[in-house]
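*Asks:* Sequence:
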Amino acid sequence: MSKESVSESTCPVCVSKNISGIIEIPQVPVHCNLLWSTRDEALRAPTGDIHIGCCKDCGHIFNLTFDPSLMKYTKDYENSLYFSPRFKSYADTLATHLINRYDLRNKEIIEIGCGNGDFLTLLCKLGGNRGFGFDPGYVHKSNNGADTGNITFIQDFYSERYAAYKADIICCRHVLEHIRFPRDFLDNLRRAIGNRHNTIVFFEVPNALFILRDLSIWDIIYEHCSYFNSLSLARLFASCGFSVNDVAESFEGQFLCIEAMPGEVAGHFSLERLNTLNTIMRYAAEFSSTHQKRIDEWKYKLERFKYSGKRIVVWGAGSKGVTFLNAIKPKNQIHYIVDINPRKQNMFVAGTAQQIVPPVFLQDYRPDIILIMNPLYRDEISMLASNMNLTAELVLV
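Each residue of the sequence shown is one higher than the one before, counting from 1 in the UniProt record's numbering.
Keep in mind that the hints were calculated from the coordinates and are not lab data.
A portion of the hints provided could be inaccurate.
[Stated by the list, open to error] Here are the simulated DSSO-like pairs of lysine-lysine, each with C-alpha atoms no more than 27 Å apart in a straight line:
1. K56 with K88
2. K306 with K329
3. K75 with K320
4. K299 with K331
5. K107 with K56
6. K107 with K88
7. K72 with K329
8. K293 with K306
9. K107 with K125
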């Protein structure tokens with residue numbers, strides 16, 4: 001990593017210039033979840049460089065060379081996980097937790113970056129609430145359960161111009177990691193809330209500690225310019241005028257959730273936070289040395305499968321699957337990737353152009369190896385494979 005790119009960088013959370021370089025990943029697809037209808041389009045998908053750095057003062061991890069002008073979130077962007085029973089169960093549990101903890105019944109709810117409105121619909125149905133969903137890429141679908149009559153969707157980014165929309169809770173899930181200047185975003189949100197000091201703010205982001213600790217290298221994607229840990233996330237909210245109620249891991253450690261309210265900024269730096277920072281820095285150093293080793297190991301495994309005559313498919317055409325294929329670049333080893341989301345099926349993976357197929361495709365294709373991108377879905381995939389009488393070996397990536 002060039003010394004210039006590191007020395008000129010400023011942490012987007014604490015504004016420190018004490019940055020350490022970790023890894024460089026050149027020419028990756030800028031969007032993992034943008035749908036491509038032909039193989040040629042997928043091969044020509046826009047790319048960008050990732051130069052990951054880590055702030056030595058707050059442990060925040062970010063892409064030093066992120067270019068927001070490359071980000072195009074349109075109706076062709078599809079990242080819904082709600083077709084998975086495992087993820088749907090998690091969303092149900094999360095919605096129930098928020099409703100019970102903050103008595104969200106017959107209340108007003110705003111969701112920033114609501115996608116197709118799945119989670120907002122859940123909160124409104126379970127609590128009899130009224131919702132406002134903001135997302136420039138929102139696509140109205142009569143069968144997505146959002147036509148409840150008590151939800152308004154606005155195809156726009158949320159900003160101060162919508163300050164008149166009052167809410168008892170403002171939710172924002174898997175958006176903050178896409179924003180280059182999160183302090184500006186939260187400052188704007190705080191001003192929009194104004195003197196409504198009882199407003200609850202709930203954010204969910206990928207957990208940087210999980211990525212580093214479990215060497216989840218397929219979670220490093222261009223769209224995510226920021227990777228938050230509990231320390232950097234709490235510090236960010238506190239610096240923008242929020243009092244943090246709770247920061248906790250969720251979804252088996254893969255996600256990080258923060259619950260906050262407008263309030264006084266805490267200024268102390270506890271021993272627990274110092275230990276978190278030391279842990280992050282240690283894992284970051286290890287991640288740097290093992291990232292390429294992990295990629296090389298999988299290239300070797302695929303070569304062994306190939307020479308054994310094994311037919312291989314990947315299951316999961318989300319960010320992990322797309323990143324895995326672009327990192328490994330399998331040549332005539334993997335032709336298909338499976339996904340249960342019907343909007344993704346018959347489309348093609350950005351960069352490497354594998355075709356995305358439904359699970360039923362495997363009944364005729366009969367793979368020998370199914371590579372599972374997320375271990376949390378193993379039981380779900382195993383059941384589907386068993387129901388189709390597949391004898392393929394399930395391998396966790």
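*Asks:* Indicate, hint by hint, whether the structure satisfies it.
*Replies:* Verification of the hints:
1. K56 with K88: Not satisfied, since the Cα-Cα distance of roughly 37 Å exceeds 27 Å.
2. K306 with K329: Satisfied, since the Cα-Cα distance of roughly 14 Å is no more than 27 Å.
3. K75 with K320: Holds, because 21 Å separates the two Cα atoms, which is no more than 27 Å.
4. K299 with K331: 10 Å, holds
5. K107 with K56: With a Cα-Cα distance of about 41 Å, the restraint between K107 and K56 is violated, given a limit of 27 Å.
6. K107 with K88: At roughly 23 Å apart (the allowed maximum being 27 Å), K88 and K107 satisfy the hint.
7. K72 with K329: Cα-Cα ~24 Å, so holds.
8. K293 with K306: Satisfied, since the Cα-Cα distance of roughly 20 Å is no more than 27 Å.
9. K107 with K125: It holds: about 11 Å lies between the C-alpha atoms, which stays within 27 Å.
Figure legend: structure checked against the earlier numbered hints; hints not met, in rising order: 1 and 5.
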